[in-house]
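Protein chains in written order, with numbering that gives the first Met the number 0: chain R, 0 to 287; chain A, 0 to 261; chain X, 0 to 373.
Just so you know, the hints here were simulated from the structure itself, not pulled from any lab data. There may be inaccurate statements among the hints.
With a Cα cut of at most 30 Å, we get these calculated DSSO-like pairs of lysine-lysine [unchecked claim]: (1) X:Lys66 to R:Lys268; (2) X:Lys134 to R:Lys268; (3) R:Lys121 to R:Lys18; (4) X:Lys247 to R:Lys268; (5) X:Lys66 to A:Lys229; (6) X:Lys89 to R:Lys268; (7) R:Lys283 to X:Lys66; (8) X:Lys217 to X:Lys183; (9) R:Lys283 to R:Lys121.
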Amino acid sequence: MNSTVGKQAEKSDSIWVAKTAVIHEIAAEVSGVATYQLSLRDAAAAQSYRFEPGQFNMLYIPGAGESAISMSGDPADCGTLAHTIRLAGNVTRSIAALKVGDTLGLRGPFGTSWPREDCRGKNVILVAGGIGLPPLRPFIYQLLAQRDEYGSLHLLYGARTPEMRVYTREYDRWRAEGLEIRETVDRSSPGWRGNVGVVPQLLERLTGFDPAETILLICGPDLMMRFTARAALQRGMTSEQIWVSTERNMQCAVGLCGHCQLGPEFICKDGPVFRYDQISPYLKVEGL
Amino acid sequence: MEKPRLAVFKFASCDGCQLSLLDAEDQLLSVADALEIVYFPEATSRMEAGPYDIALIEGSISTPHDAARIQQVRRDSRFLMTIGACATSGGIQALRNGADSAEFMRAVYASPGYIEVLDQSTPIADHVTVDFELRGCPINQYQLIEVIQSLLAGRTPRTPGHSVCLDCKRRGTVCITVAQGIACLGPVTQSGCNALCPSYNRGCYGCFGPASQSNLVSLTSQMEQDGASKQEISNSLQNFNNNAPAFREESRRLLDRNGEPY
Amino acid sequence: MNDSVQSVDPETCFLTLDEFARLFEVLISRGYEVIGPTIDQEAIVYGQLSSIDDLPRGWTDQQEPGKYRLVRRDDNALFGYVVGPSSWKKQLFPPVSTLARADRTEEGWQFQEAKEETPRYAFLGVRACELAAMKIQDRVFTGGPYVDSIYEQRRSQALVIAVNCTQAASTCFCTSMETGPRCKAGFDLALTELPDGFLVEVATAAGAEILSDLQTMKVSPEQDTQANAARQQAVDQIERRFDTTDIKDLLMSNLEHPRWDDVAERCLSCTNCTMVCPTCFCSSVEEVSDLTGDHVERQRQWDSCFNLDFSYMNGGLVRNSIRNRYRQWLTHKLATWIDQFGTSGCVGCGRCITWCPVGIDLTQEVNAIRESES
Chain R
0 MNSTVGKQAE
10 KSDSIWVAKT
20 AVIHEIAAEV
30 SGVATYQLSL
40 RDAAAAQSYR
50 FEPGQFNMLY
60 IPGAGESAIS
70 MSGDPADCGT
80 LAHTIRLAGN
90 VTRSIAALKV
100 GDTLGLRGPF
110 GTSWPREDCR
120 GKNVILVAGG
130 IGLPPLRPFI
140 YQLLAQRDEY
150 GSLHLLYGAR
160 TPEMRVYTRE
170 YDRWRAEGLE
180 IRETVDRSSP
190 GWRGNVGVVP
200 QLLERLTGFD
210 PAETILLICG
220 PDLMMRFTAR
230 AALQRGMTSE
240 QIWVSTERNM
250 QCAVGLCGHC
260 QLGPEFICKD
270 GPVFRYDQIS
280 PYLKVEGL
Chain A
0 MEKPRLAVFK
10 FASCDGCQLS
20 LLDAEDQLLS
30 VADALEIVYF
40 PEATSRMEAG
50 PYDIALIEGS
60 ISTPHDAARI
70 QQVRRDSRFL
80 MTIGACATSG
90 GIQALRNGAD
100 SAEFMRAVYA
110 SPGYIEVLDQ
120 STPIADHVTV
130 DFELRGCPIN
140 QYQLIEVIQS
150 LLAGRTPRTP
160 GHSVCLDCKR
170 RGTVCITVAQ
180 GIACLGPVTQ
190 SGCNALCPSY
200 NRGCYGCFGP
210 ASQSNLVSLT
220 SQMEQDGASK
230 QEISNSLQNF
240 NNNAPAFREE
250 SRRLLDRNGE
260 PY
Chain X
0 MNDSVQSVDP
10 ETCFLTLDEF
20 ARLFEVLISR
30 GYEVIGPTID
40 QEAIVYGQLS
50 SIDDLPRGWT
60 DQQEPGKYRL
70 VRRDDNALFG
80 YVVGPSSWKK
90 QLFPPVSTLA
100 RADRTEEGWQ
110 FQEAKEETPR
120 YAFLGVRACE
130 LAAMKIQDRV
140 FTGGPYVDSI
150 YEQRRSQALV
160 IAVNCTQAAS
170 TCFCTSMETG
180 PRCKAGFDLA
190 LTELPDGFLV
200 EVATAAGAEI
210 LSDLQTMKVS
220 PEQDTQANAA
230 RQQAVDQIER
240 RFDTTDIKDL
250 LMSNLEHPRW
260 DDVAERCLSC
270 TNCTMVCPTC
280 FCSSVEEVSD
290 LTGDHVERQR
300 QWDSCFNLDF
310 SYMNGGLVRN
320 SIRNRYRQWL
330 THKLATWIDQ
340 FGTSGCVGCG
350 RCITWCPVGI
360 DLTQEVNAIR
370 ESES
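Using the sequences plus the hints, can you model the full thing?
Structure representation (C-alpha cells):
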C-alpha cells in the first residue's frame, strides 16, 4: 500500500538517534542537584538548536538509558544548554559520574512550552515546588528580558528545606529586574526567617494583583499543582488562566511508546505544559 | 584503583546456580577481569577472609550452623545478593517446613542423632538484610552477568518483573493454555528464562517465583474450571518456590489450610 | 477457454486453484517474502510460506473466551478459519528491533541509526478487521509529527492480499466495530475463496501487476453469487453484539466504577491481551551493551501497560494495582484512543477475548458498566 503512508519519511530519519553533547560546565546547586551546561558537538546542529521555555531534552548515557530533563537555561543563548538534574535514577546517577569534557547523547527539544503569548500584558505568577523551578527558569529569563510587556511578576517557590532551594544566587538580580519572590519551606532550619508551610498558602496570601488579569504557571508534584490550582480558582481565577507542567514516565519523547499517557494525552508530545482545563480531569483521578 | 572483591557462598542448595555462573565462561572471564574473585569454593581453592565488596549467596538457611554463618557473611559484605530460588524463597527443601522433620530423619538416616537441622528452610532475607535478589531455579546466567556489570558501573541492576507470557509472545510461542489446554503458571510467574518450557509444550513451573501483584486465585480458579483438582493445583505451586509467600498462601488456601502446615 | 483469459487490469476476476498455487512463485520471484496462515504449535499462525501446501488446508479454528482449538473441516478450504494468535503487527512493528547504536570512540560517544534491512513482505490472508488494524497503526506510527521509520518502511514495501472471511468465531464482533467482515479498502488484492478457486478484486496497480503474471478468468454470475453467499455466511455467523454508543463518555465518566475492582479480581495482568491485540503499540527500549560497554544498541521491545513498572516515575508507580492497569488498557483502547487518533483502538477481532487465559471479555466489561448506568 504505497499510497497511504510514506509522505513523512524524511522527517523520520533521526528521531531515535541522539546527538553527541559535550559537558561544558558542571555547577552544584544543592545537595543531589547540579546544573550541566552542554554543547552539541556538531557545529551545524549547535547553530540551529533552539528551544522554548518548558521543553525538555532526552539525555542519554549508553548502557544506562535516557532521561527526560527540562532545559533550565536562557533560550536566547543556546550556545550551551543548561540542564538542572536531580540525581534520582540510573541515568541521572550515571550523569553524575561524568566530568567536564565528557560526552553524552541528546535528543530534543521535545514537548510544549509555557504560553508566552497568553502572558503578554498580564500579571504572571510562577509557582514552583522543589525541582519544579528549573523548567520555569527559561521563562523567567524570557519574561525579565521583556519586562515591560507584562504586569506584575511573582515567583512563589516552595522547597523542603531552606537548603534545598535552587538558584538562590540569582534571586537578587531577578528581584532587581522586577520579579517578586515569595518563598516557603516544609521544614525550617536555623537562620530561616521566611514562611514555613506549603506553596498554595503563598498564593492564598498573595495580594496586590487582579486575578482576572493574571496567568498562573505551576510546576511541581501532581498534588502540589492540584492544590495550587485550587487556591487559584478560589481566588477567582479560571482554569483557562492556569498552566501546569506535568510529568510521567517519558521514554520515547515522541508519543510512540505509550508510557507517559495520562487520559488522552501523551505527556511527552501533547505536554508537558498543559492548560489546566485540558489536563485537570485526568490529573485528579488516582492511578490513571 | 583496587578491584572489587567478590565472594560466592553456598548454603543449603544443589550448586546449580553457582554452575550457571561457571557456565557463563566468556562473560565470567570478563567479569573476573573487572573483579577479584577471592572466595568461590566451587571454582577455586582460594579462600580469603572478608571484607568483601560483593557477596553472592546461593542456598537457604536450614541448619543452626548456617543461621550463624550468614550473620558473619553479612558483616563481612558490603553488597549482599541472593541468587536462586533456595536463597530467595527457601528452595524445594522448604517443602519440609511445618512437617515433622524428625520423622523424615528417622526415615532417611540410620543414626539421625548426628543430624542437626532447623525445623524450617528459610530464605536468606529472613535472616539478614539482602541488597538484591536474583530469582530462578536455576538463575539466568545473563541476568547474573547484567547484575554484576551494573554493580561495577554503579547502576541499580535491571531485571524484568513482567510475566512469562510477555516473553512467550515476544518469541512467538502460541499460548499453550489457550490453544492446547495445558496448565501453565506463566501468567503469575516472573520472567527470567525467556519462556523456555512453553516453547516445548510444557506449562511453566514457576521457577522464577511469583510475579509482583500476581493474581493466583484467578488463575487457580480457571485451572479448576478446566478440570484440575485442588490437590493437583496446589502441588503445582509446591515446587522450587513453594515457600514464596504468594505461592505458599495459595497452595494452602486451595487445601483449606489457611496458615497451617501442610 | 482462451476467451475468458484476461490479460490486463481486471476489476474483478477469477483465479483457479492451480493459478492461485502459482501466486507463490510469482510473489517470491518478484522478491517478496510471503507471510500467511500456516499451522504451527496447534494454531493457525502467520509465518513464512513457500507454497500453497503451507496453507492450513482443511483446518479451521474454534474460539471462545480463553479457548482456541484447531478442528478439521469437512472440505479442503485453504482460508476456512477466522483469526489466530498472531497478527501482521509482528511483521510491521517487530517484537524486538534495534533503533540506534552508540559507540565509544576517542572523541567520546558517537551515535548512529541502526540500519536494518527492511524485508519486502507480501501479506497473504489479511482479514477485514486486520486491514482496519493496519490503518489504525498507520496513524499511530506515521500519522503524527513523528514518524517511526521502522514501521513506515516495512509498511510501505508490503503488498497486502486480503482474504474475505467466510465464517466467524464466537469471539468476533467486527460488525459492531464496523470493520468487517467484508474487505473494503486498504488492500492491493482481495480474494474470496470458492471451492474451485478465488474471486479476486484488484484495488491497486501493484496488485494488478502481480495478477498480470497469472492467468485469470472472467467471473461468471454463478461464481459471483457463490462468493456473495460465502461472505454473507460470515456476517450471519457473527453473534456477538457490542454497543459502542457514546462509549468514550460512558467510560471516561465511570473511571471510579466498581466494575474495575470486579474485573481486577479476575485479571492476571499477564499482558496476553495487549500482545495479541493487532493495534496495541506500547514498547520499551533496552540498552544492550557488549562486555566492554563501549558498543551499545538501543533495542525496542514490545511492552504492555499491564506491566507493573510500565508507569514507573520518580521512584513510584502511577498504576500500582491491577484495577488501574486494566482500566488504563480498556479506556485507552475504547475511549482515549478516539481522542488521540480519531478512531477506536479496537477492531473487533476478538483476540483479547480468546487469548485471555481466564477468558475476560472486554465487551462484557463495558456492557456491565453500561447496564449500571441505565
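Here is what the structure says about each hint:
The straight-line distance between the Cα atoms of X:Lys66 and R:Lys268 is roughly 39 Å, outside the 30 Å bound, and the hint therefore fails. With a C-alpha separation of about 22 Å, the suggested pairing of X:Lys134 with R:Lys268 holds against the 30 Å cut-off. Proposed proximity of R:Lys121 and R:Lys18 is contradicted: the alpha carbons are some 38 Å apart, above 30 Å. Of the supplied pair hints, the one linking X:Lys247 and R:Lys268 holds, its CA atoms being roughly 22 Å apart against a limit of 30 Å.
Distance check on the hinted pair: X:Lys66 and A:Lys229 sit about 21 Å apart at the alpha-carbon level, within 30 Å; holds. A distance of roughly 26 Å separates the Cα atoms of X:Lys89 and R:Lys268; the hinted pair therefore holds under the 30 Å criterion. Taken as a hint, the R:Lys283 and X:Lys66 pair is broken in the structure, with Cα atoms around 39 Å apart against an allowance of 30 Å. With a CA separation close to 21 Å, the supplied pair X:Lys217 and X:Lys183 stays within the 30 Å bound.
Distance restraint check for R:Lys283 and R:Lys121: the Cα-Cα separation of roughly 28 Å lies within the 30 Å cut-off, and the hinted pair is therefore satisfied.
Checked against the numbered hints given earlier, this structure breaks hints 1, 3 and 7; the rest are met.
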